[in-house]
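Required output: the full structure, derived from the provided sequences and hints.
Given next are the chains, with one letter for each unit.
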Amino acid sequence: MIADFGRITLYVAFTVALYAIVAAYYGARRGDDRWVRSARNAIIAVCPLVALACALIITALVTGDFSIAYVSQVSSLGMPTYLKVTALWGGQAGSLLFWNLLLSLFTAAAMLTKWRQQKELMPYVIVVLGMVQLFFLFISGIVESPFVRNLTIPADGNGLNPLLRHPGMIIHPPMLYLGFVGMTIPYAFAMAALMSGQMGDNWIKTTRRWTLVAWLFLSLGLILGGRWAYDVLGWGGYWGWDPVENASLMPWLAGTAFLHSVMIQEKMRMFKMWNMFLVMLTFLLVILGTFVVRSGVISSVHAFAQSAIGPFFFGFIAFMFIFSLVWITKRRESLRTENQLVSYLSREAAFLYNNFLIIAILAVVFLFTYYPLISELFTGEKGFVGPPVYERALAPLFAALVLLMGVAPLTMWYRTSIQRLGRAVLWPAVASTVLVVVLFILGVHLWPALLGFWLVSFSAALTLWEFAKGTRARMGKGENVWTAFTTLMARNRRRYGGYWIHMGVLIMAFGIVADGLYQSETQIRLTAGESVQVGGFEMVFNSVSRFPGADDLLITQADVDLYKNGEFLRKLTPEIEFYQRSGQPMTIPSARSTITEDFYVILVNWEPTTADAATFRIFLNPLINWIWAGGIVFIIGTLIAAWPDREKAPARARKPAVVAAGD
Amino acid sequence: MADVTWQNTDESAVLVKPRRNRLMFIVGGVALIAAVVYLVVNAMSGSTQLYKTVGEFYAEQSRLTGRDLRVAGWVIGDSIVYTQIDAHNSRLEFDIVDDLSNPTQTLHVVALNEPKPDLLQNQAQALVEGRADANGVFNANPGGLMLKCPTRYEEMAPEGTGHPESIAVP
Numbered sequence: 001m002i003a004d005f006g007r008i009t010l011y012v013a014f015t016v017a018l019y020a021i022v023a024a025y026y027g028a029r030r031g032d033d034r035w036v037r038s039a040r041n042a043i044i045a046v047c048p049l050v051a052l053a054c055a056l057i058i059t060a061l062v063t064g065d066f067s068i069a070y071v072s073q074v075s076s077l078g079m080p081t082y083l084k085v086t087a088l089w090g091g092q093a094g095s096l097l098f099w100n101l102l103l104s105l106f107t108a109a110a111m112l113t114k115w116r117q118q119k120e121l122m123p124y125v126i127v128v129l130g131m132v133q134l135f136f137l138f139i140s141g142i143v144e145s146p147f148v149r150n151l152t153i154p155a156d157g158n159g160l161n162p163l164l165r166h167p168g169m170i171i172h173p174p175m176l177y178l179g180f181v182g183m184t185i186p187y188a189f190a191m192a193a194l195m196s197g198q199m200g201d202n203w204i205k206t207t208r209r210w211t212l213v214a215w216l217f218l219s220l221g222l223i224l225g226g227r228w229a230y231d232v233l234g235w236g237g238y239w240g241w242d243p244v245e246n247a248s249l250m251p252w253l254a255g256t257a258f259l260h261s262v263m264i265q266e267k268m269r270m271f272k273m274w275n276m277f278l279v280m281l282t283f284l285l286v287i288l289g290t291f292v293v294r295s296g297v298i299s300s301v302h303a304f305a306q307s308a309i310g311p312f313f314f315g316f317i318a319f320m321f322i323f324s325l326v327w328i329t330k331r332r333e334s335l336r337t338e339n340q341l342v343s344y345l346s347r348e349a350a351f352l353y354n355n356f357l358i359i360a361i362l363a364v365v366f367l368f369t370y371y372p373l374i375s376e377l378f379t380g381e382k383g384f385v386g387p388p389v390y391e392r393a394l395a396p397l398f399a400a401l402v403l404l405m406g407v408a409p410l411t412m413w414y415r416t417s418i419q420r421l422g423r424a425v426l427w428p429a430v431a432s433t434v435l436v437v438v439l440f441i442l443g444v445h446l447w448p449a450l451l452g453f454w455l456v457s458f459s460a461a462l463t464l465w466e467f468a469k470g471t472r473a474r475m476g477k478g479e480n481v482w483t484a485f486t487t488l489m490a491r492n493r494r495r496y497g498g499y500w501i502h503m504g505v506l507i508m509a510f511g512i513v514a515d516g517l518y519q520s521e522t523q524i525r526l527t528a529g530e531s532v533q534v535g536g537f538e539m540v541f542n543s544v545s546r547f548p549g550a551d552d553l554l555i556t557q558a559d560v561d562l563y564k565n566g567e568f569l570r571k572l573t574p575e576i577e578f579y580q581r582s583g584q585p586m587t588i589p590s591a592r593s594t595i596t597e598d599f600y601v602i603l604v605n606w607e608p609t610t611a612d613a614a615t616f617r618i619f620l621n622p623l624i625n626w627i628w629a630g631g632i633v634f635i636i637g638t639l640i641a642a643w644p645d646r647e648k649a650p651a652r653a654r655k656p657a658v659v660a661a662g663d
Numbered sequence: 664m665a666d667v668t669w670q671n672t673d674e675s676a677v678l679v680k681p682r683r684n685r686l687m688f689i690v691g692g693v694a695l696i697a698a699v700v701y702l703v704v705n706a707m708s709g710s711t712q713l714y715k716t717v718g719e720f721y722a723e724q725s726r727l728t729g730r731d732l733r734v735a736g737w738v739i740g741d742s743i744v745y746t747q748i749d750a751h752n753s754r755l756e757f758d759i760v761d762d763l764s765n766p767t768q769t770l771h772v773v774a775l776n777e778p779k780p781d782l783l784q785n786q787a788q789a790l791v792e793g794r795a796d797a798n799g800v801f802n803a804n805p806g807g808l809m810l811k812c813p814t815r816y817e818e819m820a821p822e823g824t825g826h827p828e829s830i831a832v833p
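Just so you know, the protein sequences line up as chains A and B, in that order.
Letter 461 of the first sequence, counting from 1, is numbered 461 in the numbering used here, and no numbers are missing.
Just so we're on the same page, the numbering used here is the position in the second sequence counted from 1, plus 663.
These aren't lab readings, by the way, just hints derived from the structure by calculation.
Keep in mind that the hints are not guaranteed to be accurate.
Covered, in the sense of this in silico footprint (three residues per stretch, anywhere, with C-beta under 8 Å from a C-beta of chain B), are these stretches of chain A [stated by the list, open to error]:
#1 335 to 346
#2 355 to 368
#3 375 to 383
#4 516 to 528
#5 582 to 590
Where a beta carbon is used, it is the ideal one built from N, C-alpha and C, also for glycine.
Below, the structure written as structure tokens:
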């Protein structure tokens with residue numbers, strides 16, 4: 001019953017989306033507004049239809065309707081209700097339906113905001129969004145339907161993958177999805193500008209705003225994913241250059257490049273073609289990422305997981321690629337640059353370097369991620385590139401980017417003199433050099449660490465100096481520090497939001513350099529009562545206990561006490577969780593976390609026969625909390641930059657903004 | 664843009680004809696691309712691994728001995744032995760095969776000081792990074808054991824969940 005109803009709902013949604021595309025195109029060509037409005041209503045109507053399909057599958061999950069294959073694959077009777085609901089994105093078919101839902105929500109939002117201002121673009125926005133929706137509805141309705149029935153109805157389901165039963169895992173995938181799906185909207189507006197020939201300022205503003213929103217979610221998804229890996233996977237790290245991680249990093253990088261270079265287009269009317277290309281690249285990387293994550297084409301060694309969706313995704317990517325290129329070529333005249341770079345020491349040149357570095361990083365990540373396929377194609381042997389190779393190749397590029405992050409905001413449009421730049425960087429350079437000397441005296445002797453810390457603190461000092469300059473300028477008008485600082489933010493959210501984001505990245509970079517170069521790892525077997533000394537800490541092993549947890553969980557938990565300088569700090573309880581029905585264990589670390597370092601311990605082995613001995617792996621992760629703290633600053637910055645403008649800002653009447661440089 | 668500087672006193676800011684200007688950017692761009700290519704080649708040289716199945720390994724054993732490999736296979740549960748040598752040292756051994764129903768060619772894997780991964784069970788899919796020695800024993804690199812659990816869950820995990828299983832288990 002639910003299965004049939006669900007399938008029919010998706011077919012109806014497919015038909016409605018198809019109608020919207022045809023009606024919008026026809027209406028736009030004929031100049032007939034009634035067709036366009038009808039198309040708009042149709043594309044909005046896809047949203048409740050897809051929501052209904054989702055509601056149906058959630059009902060089946062919650063009530064345990066195991067006649068549906070998807071339900072028996074990802075849920076079980078014993079699972080708590082909230083996990084049954086989140087099982088919507090716990091498997092392939094459900095997650096694709098969830099994609100559909102988010103796309104239809106974003107589409108409805110795009111239709112309902114600023115329709116009137118974007119009237120010429122909207123029919124084509126409907127066409128492009130409709131095409132993407134149509135493709136995903138086709139996948140969800142026919143190729144990978146969540147409404148397929150089981151031939152024999154099992155008494156209970158497999159249950160959700162234990163790795164997904166973590167609070168972080170409940171929010172991390174939807175955030176990434178929101179980021180992924182959200183990138184479709186700026187792409188649709190960009191394509192609509194090309195198709196309609198309305199290449200004015202309108203589309204670029206809308207595209208930038210939507211990109212920022214999607215980028216916010218994508219950033220959140222990436223940060224949460226790292227945190228989840230650190231908390232749950234128990235390997236002491238947060239990022240492993242895994243193909244799936246890279247699949248979400250690559251569109252993020254392309255989006256980042258666009259968010260920077262779009263400013264040159266707005267200020268200088270340059271790089272128009274390049275920006276179009278970046279919007280297209282971001283979107284295509286999103287679709288490619290959505291596919292790669294599911295297919296296992298890269299990570300699996302055998303072709304054991306050949307998915308039915310593969311050829312369709314490749315076909316769709318190829319189609320959208322050609323579609324975009326055709327329109328970009330067609331409008332190449334209006335994408336001509338209106339200005340020339342006149343100096344390599346200018347704001348626009350700095351953005352150019354920024355784009356070069358980000359795209360270089362993207363290209364390297366792309367090459368390494370797809371190296372197994374590329375090498376097989378050219379040499380017949382499947383090669384693989386591990387994390388150390390990524391780090392060796394990318395470290396200099398990231399270092400250059402960090403430097404640019406600090407220096408670029410000091411440059412002026414058109415050109416900047418080297419003396420001016422020299423004066424501006426003098427004191428931050430002195431301050432960061434002093435810091436590095438202090439670090440050296442304190443025992444930091446690795447040259448990559450010293451260089452890394454110098455670059456990061458230099459750029460951080462420059463960024464803080466920008467805040468200080470702006471605040472001081474306002475204080476000169478009689479405002480107190482706090483008012484000056486907050487008004488500065490409020491008056492120029494895009495600029496200062498950007499600096500907050502830079503600060504967030506720099507704080508993270510500090511943590512990444514420290515943890516990357518100074519993480520230590522020890523493995524030790526202890527019998528009850530024994531202790532181990534690690535980096536100034538003493539860990540005493542007391543006991544191991546075993547007890548049942550929620551659902552079918554069996555928990556083996558070690559009890560250890562942590563001391564420093566003879567003083568008791570706290571008890572730690574690393575554990576091994578064992579899901580009995582599925583036979584899958586998980587190692588859950590336990591950590592004492594401070595701003596300077598994490599003492600992170602994993603229970604790696606415990607044999608019940610020798611009950612009083614256990615093997616532990618201990619990681620000392622210096623400054624790892626800086627990564628999460630930087631992440632929070634980063635997100636705050638993005639919120640500041642993305643916060644919607646008031647339509648008519650009354651503040652403008654009072655005083656012109658008094659910010660320093662030529663932004 | 665009120666305080667844009669136009670002073671051209673510094674030679675770096677003096678720029679003349681657009682054509683020369685353009686040439687400079689092209690030359691600079693090519694140099695930068697060359698630098699990136701150098702970084703990539705330098706990082707990759709001698710550091711890439713080859714993916715092989717157990718059968719493929721034996722087919723070219725002499726060539727592949729001593730080379731950095733990623734060998735994939737299925738774990739034979741009975742072969743798993745974990746020995747605690749002393750407080751700091753342990754030894755983990757197991758065999759992998761290409762086809763569990765026809766386990767003729769088995770590769771013996773040895774991992775020193777590696778904990779026994781959660782997912783190391785009979786019929787698990789193992790991916791081992793390491794090098795084979797002259798005796799045909801495959802010595803895993805530190806952190807070089809990766810396992811996928813016997814597929815009781817959907818083969819293709821969704822967004823963000825495919826990777827944990829392929830990440831090195833400590």
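Holds or violated: the stretch 375 to 383 of chain A covered by chain B, criterion of 3 or more residues with Cβ-Cβ distance under 8 Å? holds (count 4)
Go check the stretch 516 to 528 of chain A versus chain B for me, would you? Three or more residues, Cβ under 8 Å, otherwise it fails. holds (count 4)
For the stretch 582 to 590 of chain A, do at least 3 residues have a Cβ located nearer than 8 Å to some Cβ of chain B? Coverage by chain B holds for the stretch 582 to 590 of chain A (6 residues, Cβ < 8 Å).
Would you check chain B against the stretch 355 to 368 of chain A, counting CB to CB pairs closer than 8 Å, and say if three or more residues qualify? holds (count 5)
Do at least three Cβ atoms from the stretch 335 to 346 of chain A come closer than 8 Å to Cβ atoms of chain B? holds (count 6)
Of the hints listed earlier, there is not a single one the structure fails to meet.
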